[in-house]
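Fit the two chains together into the complex; they arrive one by one in their own frames, and the hints show the way.
Here the protein sequences come in this chain order: S and W.
Note that the working numbering gives residue 375 to position 361 of the first sequence, counting from 1, and the numbers run on in steps of one.
Note that the working numbering gives residue 155 to position 147 of the second sequence, counting from 1, and the numbers run on in steps of one.
The hints are simulated quantities; they were obtained by calculation from the structure and are not laboratory data.
None of these values were measured; they are calculated from a predicted model.
Glycine included, every Cβ here is placed at the ideal spot set by N, Cα and C.
Among the hints, erroneous ones may be present.
Computed footprint of chain W on chain S, listed as stretches where at least three residues anywhere in the stretch have a Cβ under 8 Å from a Cβ of chain W [said to hold, decoys possible]:
1) 142-150
2) 153-159
3) 162-170
4) 180-187
Away from chain W, derived, C-beta distances all over 12 Å, residues of chain S [stated by the list, open to error]:
5) Val42
6) Ile63
7) Ile98
8) Ile107
9) Asp400
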Amino acid sequence: MDILNFWVELGRVVGEWMASWGLPPWAVNLIADFIGVLILVVFGVMAVIIFTPMERKVIARMQDRPGPNRVWPYGLLQALADAIKMLTKEDIIPSKADRALHMLAPILVVIPALLIYAVLPWGPRLIGQDLNVGVLYVVAIGAIHILAVVIAGWGSDNKYALLSAFRTVNQLLAYEVPMVLSILAVVLLARTMSTQGIVEAQSVPYLIVTPIAGLIYLVCAMAEANRSPVDLLEADSEMVAGYMVEYSGMKFAMFFIAEYVNMFAVAILVSTLFLGGWKFFGLEDVAPVLAPLIVFGKSVLVIFCMLWFRATFPRLRFDHLVGFSWKFLVPLSLINLLLVALVVKIPVADSRLAPWVQGGAMLLASLVVMAATALLLNRAARRLKDAPALKRIVAVER
Amino acid sequence: MTLSVSHVIFVVLSATALVGALGVVLSRNLFRAALFLVLSFVGVAGLYILLEVEILAMIQLLIYVGAIAILIIFVIMVSRQLMSPQYRAWNQQRPGGAVVAVVLFAVLAFVLLSVTWPTAEAAVPQDAIARLGRALVAPDQFVLPFEVASVLLLVALVGAVVIAREK
Numbered sequence: 015m016d017i018l019n020f021w022v023e024l025g026r027v028v029g030e031w032m033a034s035w036g037l038p039p040w041a042v043n044l045i046a047d048f049i050g051v052l053i054l055v056v057f058g059v060m061a062v063i064i065f066t067p068m069e070r071k072v073i074a075r076m077q078d079r080p081g082p083n084r085v086w087p088y089g090l091l092q093a094l095a096d097a098i099k100m101l102t103k104e105d106i107i108p109s110k111a112d113r114a115l116h117m118l119a120p121i122l123v124v125i126p127a128l129l130i131y132a133v134l135p136w137g138p139r140l141i142g143q144d145l146n147v148g149v150l151y152v153v154a155i156g157a158i159h160i161l162a163v164v165i166a167g168w169g170s171d172n173k174y175a176l177l178s179a180f181r182t183v184n185q186l187l188a189y190e191v192p193m194v195l196s197i198l199a200v201v202l203l204a205r206t207m208s209t210q211g212i213v214e215a216q217s218v219p220y221l222i223v224t225p226i227a228g229l230i231y232l233v234c235a236m237a238e239a240n241r242s243p244v245d246l247l248e249a250d251s252e253m254v255a256g257y258m259v260e261y262s263g264m265k266f267a268m269f270f271i272a273e274y275v276n277m278f279a280v281a282i283l284v285s286t287l288f289l290g291g292w293k294f295f296g297l298e299d300v301a302p303v304l305a306p307l308i309v310f311g312k313s314v315l316v317i318f319c320m321l322w323f324r325a326t327f328p329r330l331r332f333d334h335l336v337g338f339s340w341k342f343l344v345p346l347s348l349i350n351l352l353l354v355a356l357v358v359k360i361p362v363a364d365s366r367l368a369p370w371v372q373g374g375a376m377l378l379a380s381l382v383v384m385a386a387t388a389l390l391l392n393r394a395a396r397r398l399k400d401a402p403a404l405k406r407i408v409a410v411e412r
Numbered sequence: 009m010t011l012s013v014s015h016v017i018f019v020v021l022s023a024t025a026l027v028g029a030l031g032v033v034l035s036r037n038l039f040r041a042a043l044f045l046v047l048s049f050v051g052v053a054g055l056y057i058l059l060e061v062e063i064l065a066m067i068q069l070l071i072y073v074g075a076i077a078i079l080i081i082f083v084i085m086v087s088r089q090l091m092s093p094q095y096r097a098w099n100q101q102r103p104g105g106a107v108v109a110v111v112l113f114a115v116l117a118f119v120l121l122s123v124t125w126p127t128a129e130a131a132v133p134q135d136a137i138a139r140l141g142r143a144l145v146a147p148d149q150f151v152l153p154f155e156v157a158s159v160l161l162l163v164a165l166v167g168a169v170v171i172a173r174e175k
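Extracted from the complex, chain W is given alone in its bound form (with noise of 0.2 Å):
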């Protein structure tokens, strides 16, 4: 196997994420480890444009780095006891944790080697974003889930709403 430039763009974006997941679980601190979680997730976003999916991997960052992290450093923030530097990063839990991960672990791996993943020749299509637009309001392809979870998000916005509003 000849080595092309984007196995090494590959390597780079995969040890990128890979050393912004490690982080996250490492560090001491809450915060940095939200931001560990933002590097990790950027560097997923690169694998997608690697890929040729620049849709997915703007959605990666808009809804990835742009919501979820930062409602996570914001709830770290609100919360004062978390902030603090003496604020033990590990619990009692680590024996539990150790198996669940292993666990995870396993059935991961057993996925990723037993499965054939089917792959194609051809290259990405020029109208791939339309394609994909299509396809999820088409009848006869994606409109129910995507219509499923598009209601779905609706009742967890109008149950925050409720829970949130004042008496």
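Next comes chain S alone, as it looks inside the complex (with noise of 0.2 Å):
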């Protein structure tokens, strides 16, 4: 067996294998195609086992606290205690609920967060499906998970949940707004939406050649994916739990699965964007085999940074949160999207040069507008610690 390709033959020996049952081809791609499917969901909702005892253990060391530790061992089990309590509980739908779209909610939440899976390269040729329009995908899928919010907090009837749905549009459209432009900054880069050819072109991962993009597309990310400090959709502090404060049992542990496998998708975004996907050092090209083990750990990684985020930064003030992204993530996308726009037009003689000349141009720039991003912060906070307390309220709630 041709060892450059392990995943793919492995495919296409499973392929043969069936078709000497005397299955038909079409049969055959039927049932290839759907235990693809079945792989990539199951994967996907793995990720709430996974990403639970870690996000827990991780959290808790933080906060210097030893966190669950009574399901053995070390309390790596309690997702699946958790689960089975969820399933033992008890439904309740409010009497004056919305019913239909009560339970409709839970259902439509779980499916476009599974769905991006199906445009997440797991390695050369290892992805559900290659589209050409991959980005622009996720970013259409991401409309679905609005609605979806928007439909739990109407249908039902609380007051919580109908702010949280509020909030959730508000939020949800602001920070999709520099999230696209900072995808469109890799797009124009790689000159592909389809997120394998964005892998293939990272000869250096895009958070090196264009730092403002891979840092504004992390907390954009971060506030789509609803993570704490930035979860300001079901802040328990001000609104119960928002959107799902009427869910029990099941019914919000589909909402509690939404989260992780959305959580997981991000991270392996992120990782395919601006941190390289399958690549690293030259290893895919030795043994293709580790590229999902690749990927998976790039995503670890990732999630590591938003629990540390989390367990680092005090949540937001929701006025704070929009006007963030409005008033400062808006327009340095803005000024990122010309700065990349300019340089992919450097003329390089050399063709094999190009993407190092223009990416090392892309960095210097990158890193002048940081710089003059931090001095400018800078000013405004010393103007705002000078002024006057009075004042220094007024300004702070414009």
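The following block contains the structure:
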């Protein structure tokens, strides 16, 4: 067996094995596609079992406490115990709620989270479907997620849930703009919208080429995946649990699953768009078998950073959060996009050197912009500090 | 005419879009009507995918579901009156509405039946998106309408900010 294409070969061998039973080719294709979808979906949902213990343990360690430690071993099976608890809980629907929509929301919230896995590349040629509009597909699917949360908020007949639905529209739309702009910078650099093409175009990870886009995308992705400290949709200190306050048992579990599936998908996206996907210093050429493990390792790293954020920063106030996006992230990502658009037009005689020259120019320009941003922020903060107390409050309110 | 898989898919998608459209008109509850509108949009997006123009399908989802439908739902949620179940979905202008609907249907049907639609046997080219992108900024193709539309949207954006600004 050709070790270079281990995963692809595996699929081919299984296909031939099925054909040997006398199945027609279309049936083999159908079954193969079905198995592929099943693997992707199961793997996505497995994210809950993998990352809940990780989240609880990592945050516990950062907060200097043991975390869950009763369910053997080291409390790592806590997620399983929680799942059984969820299954045995009573399913409650508020009497005045819109029953059909109340039931629809938990289903609709998981679907887009899983649909994203169709375009996430796990290795060379190892991808659900290499759409030529891959990243656009991811952004479009996000729209259904917003819709599901709004339906959950409205269909629960609860004031907190409705408030959360308002916040959803506000927050997710605000953060979608800089997110799309930073993705656009990557698309300009890679000259393709296919996720696989973006990985292949990264001779150097785009986080180094255009750090601004990478950082903005990470912040926006956290807001989209509704992670603390930007989880204002369910801020339990302000509105109990937001849109999922009226959900119990398995229906609540669906929201829980969707959150982790989403978080994992976002982490894989960050590693695909900015960390080089399945590339790791040429290791993917030596042993393509490891490509999925490289992707997994990078996403775990991204998720660790998200947990680190969560343990470090307090939750933002809502108007600050939205203002941060419109007044800071959007202008910055626009400037970054302009820079990228200019840099990719730098004429380089040798086409093999072009990515390196352009990448270097981009990195330099990015560093200058970042320094200028830091300087401006510093000056604004100093002005705020020197202002009399009353003026300071007014300025913050604005 | 033999019945292929794509025919079946076409019928299912069209049915989805039509059921959604009927739901928009017939639903008593405005919030549900907006959701039926989303169903209709998704059906149309599916038709685009069947026609192998993935980019239009994605734009359809992004703009119509992600922006327009969400905005409609937002407006419905903000206006308290509209949300109460007692709110009547019908008003006094039903005859006028019927006339407009019939005329619109007649015009659309006439156009649909009288124009001979050009069809091409060739498959969709692989670099369709790249070609579309270049066509949009090519001086001899669509650069003028494209830029004018951008300026129009920018004017609308600035206008909205000016109106919403506190004095």
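Structure-based check of each hint:
Counting residues of the segment 142-150 of chain S whose C-beta sits closer than 8 Å to any C-beta of chain W gives 4, which meets the bar of three, so the coverage hint holds. A count of 6 residues in the segment 153-159 of chain S with a Cβ less than 8 Å from any Cβ of chain W is obtained; the coverage claim is therefore met, three being the minimum. For the segment 162-170 of chain S, the stated coverage by chain W is satisfied: 3 residues place a CB nearer than 8 Å to a CB of that chain, which reaches the threshold of 3. Coverage of the segment 180-187 of chain S by chain W holds. Counting CB-CB distances below 8 Å, 3 residues qualify, and the rule asks for three or more.
Even its closest Cβ contact with chain W, about 16 Å, leaves Val42 (chain S) beyond 12 Å, as expected for a residue assigned away from the interface. Once the 12 Å rule is applied to beta carbons, Ile63 (chain S) is consistent with being away from chain W; the minimum gap is 30 Å. In this structure Ile98 (chain S) is separated from chain W by more than 12 Å, as the shortest Cβ-Cβ distance comes to about 34 Å. With a least beta-carbon separation of about 17 Å from chain W, Ile107 (chain S) lies farther than 12 Å from that chain, consistent with its non-interface assignment.
Residue-level check passed: Asp400 (chain S) sits 26 Å from the nearest beta carbon of chain W, beyond 12 Å.
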